[in-house]
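Line by line, the protein sequences give chains A and B.
Mind the numbering: the first sequence is residues 1 to 312 in the working numbering, read in order.
Mind the numbering: the second sequence is residues 1001 to 1312 in the working numbering, read in order.
Calculated from the structure, these hints are not laboratory results.
Ideal Cβ placement from N, Cα and C applies to all residues, glycine included.
Check each hint, because a few of them may be wrong.
Derived list of chain B stretches under chain A, where covered just means 3 residues or more per stretch with a C-beta under 8 Å from a C-beta of chain A [to be verified]:
1) 1171-1180
2) 1224-1235
Covered by chain A, according to a simulated footprint, are these stretches of chain B (three or more residues, beta-carbon under 8 Å) [what the hints assert, rightly or not]:
3) 1102-1108
4) 1144-1155
5) 1282-1294
6) 1300-1309
Protein chains: 2
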Amino acid sequence: MSDAVVSTASGADAQAMTDWIGRRLAQMEAWLAARLPADAPGGLAEAMRYAVLDGGKRLRPLLVLAAWEAVADAEPAPEAPVWWAAGAVELIHAYSLVHDDLPCMDDDVLRRGKPTVHVRFGEALALLAGDALQALAFEWLVAPAWAQREPALAVALARELALAAGAGGMAGGQAIDLAVVGQRMDQAALEDMHRRKTGALLLASVRMGALSAGADAATLAALDRYGRALGLAFQVIDDVLDATADSATLGKTAGKDARADKPTFVSLLGVGSARAYAERLLAEALAALAGLPAHATPRLAALARWVVQRQH
Amino acid sequence: MSDAVVSTASGADAQAMTDWIGRRLAQMEAWLAARLPADAPGGLAEAMRYAVLDGGKRLRPLLVLAAWEAVADAEPAPEAPVWWAAGAVELIHAYSLVHDDLPCMDDDVLRRGKPTVHVRFGEALALLAGDALQALAFEWLVAPAWAQREPALAVALARELALAAGAGGMAGGQAIDLAVVGQRMDQAALEDMHRRKTGALLLASVRMGALSAGADAATLAALDRYGRALGLAFQVIDDVLDATADSATLGKTAGKDARADKPTFVSLLGVGSARAYAERLLAEALAALAGLPAHATPRLAALARWVVQRQH
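With the sequences and hints as input, model every part of the structure.
In structure tokens:
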């Protein structure tokens, strides 16, 4: 992730962002490795750890942490609720990839540059690992280590995550995705699908970080606008990369959308206009940050730029 | 469920239990029907409702309600947290059946007397419906309707459910189940598997009902003993029924365990000794209730008797 950030900022600022991302990624990786189960029965722990560790851009945890830091203007303490929120969001993302790669869904063999979980562990254990990762996400959001002290925050975070993951959010977006194969969609319908399928969890990441820091209503509203624009931009660029990059660069199978005859921003707008649309969404995300204090913006701005300018 | 209760008690008591079960079942069914999504996209709401409504013994919600009433000695108000707890437990159970019936797991076509969800809606939508039901279970446990007033209770209930459903509970038990096909297990290993696979959620049902009513530590400990014995008895009888009943009576495919070469209490002990073991576990469950006030026992006792004496 660091390269793209360096290429889009300059000098001391770019270096500070690169350092911040590197530090938080290392902390998050260690946090996840320490708290994922090490000894669940029947090979389940191994499959869960394989699904989550050693890969992934960790965009969602970084958004949780950046939103928290934007509001709190501090370093998150090692046992702060924000780490549990960041971890829980990543578990939901990881489980969705495991289930999405199953033969009855996208039937994919490559993810995060490795064989997919069902290729490595079999379909049945992949299904269970996904199920157990979702349960673990909610377990982390009510972990006694912090949630007994802050039960109202735990309830608010669990509600954000449940709504983002469920029938009105990610799962609903995936159901639309299944239903529209081979069909034409207009831009409004395509955006509605992606707002649910990927946007809801990205927005929830931003909101959960802000809620963990006790954001006021005006700040939360600004971060909502940022999160919505970033979420849509992420998907537009995903469609562009699926159409233009190779599998080795992506770490997952490229060219799937066209082969599956799925409506995408590229099939609707073409590559050039899709990229231009993503740039407009980036500008919208950055504009939403304008009303926040100066200390709040650099990390969130860097992540939004990375979303649009990434190569994978 | 009512018939077995009538057959094992007598006179006015039996009638009172039959009435109680009938009343709570009707209330629970209406509660679930009113709160399951009616309009999620891509056919998802339809698949979720099909998976949950019009079928099922509702043993777990009845246990939640009976445990609540044992402690509270009152009628649960329409918006009391206990209904959300009962609903959430049933959603986890329903999602586990949907995923368990998938071709990559048990590959079953009949459940609750109807075609399984993937037979009716396709594998991909069945997978998503299960995923969305799990998210909805946690959404219900932090529902603003009550959880904002009682966040500490919401946190406690969500933790019970997450642990029961996750890698150390139900999902872990299912992973063991996959791993031991064709192997011999001793009774301790078999009981450990079932304590996770089905016992954890049955125990959580009892505990979540008791926690919702503010049970003290001694009461919770007694109900734990009841819930553990009942959970194991349930599985012993499940194995007996799988070996002795027909599919029409069960509402699901009979004889699966032997065909799948799975270790069961019947393969380990034989039908007669398995039944006798279930009767001993029933006596243990009833004995655990002895220390509770007299008003607490009839509903929980009736459910334990039904678990062991049921025909399906």
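Query raised in the report: At a Cβ distance under 8 Å, does chain A reach at least three residues of the region 1102-1108 of chain B?
Result: Per the Cβ count (4), the hint holds.
Requested in this report: Examine the region 1171-1180 of chain B for residues whose CB is less than 8 Å from any CB of chain A, and state whether their number is three or more.
Outcome: Satisfied; 9 residues make the cut.
Query raised in the report: In terms of beta carbon proximity below 8 Å, does the region 1224-1235 of chain B have 3 or more residues touching chain A?
Result: With 0 residues closer than 8 Å to chain A, the region 1224-1235 of chain B misses the three-residue bar; violated.
Query - Outcome, coverage of the region 1282-1294 of chain B by chain A - at least 3 residues whose beta-carbon is closer than 8 Å to one in that chain - result: With 0 residues closer than 8 Å to chain A, the region 1282-1294 of chain B misses the three-residue bar; violated.
Query raised in the report: Taking a Cβ-to-Cβ distance below 8 Å as contact, does the region 1300-1309 of chain B have at least three residues touching chain A?
Result: violated (count 0)
**Report entry** Within 8 Å of chain A (C-beta), three or more residues of the region 1144-1155 of chain B
**Finding:** holds (count 7)
The structure does not agree with the numbered hints 2, 5 and 6 stated previously, though it agrees with the rest.
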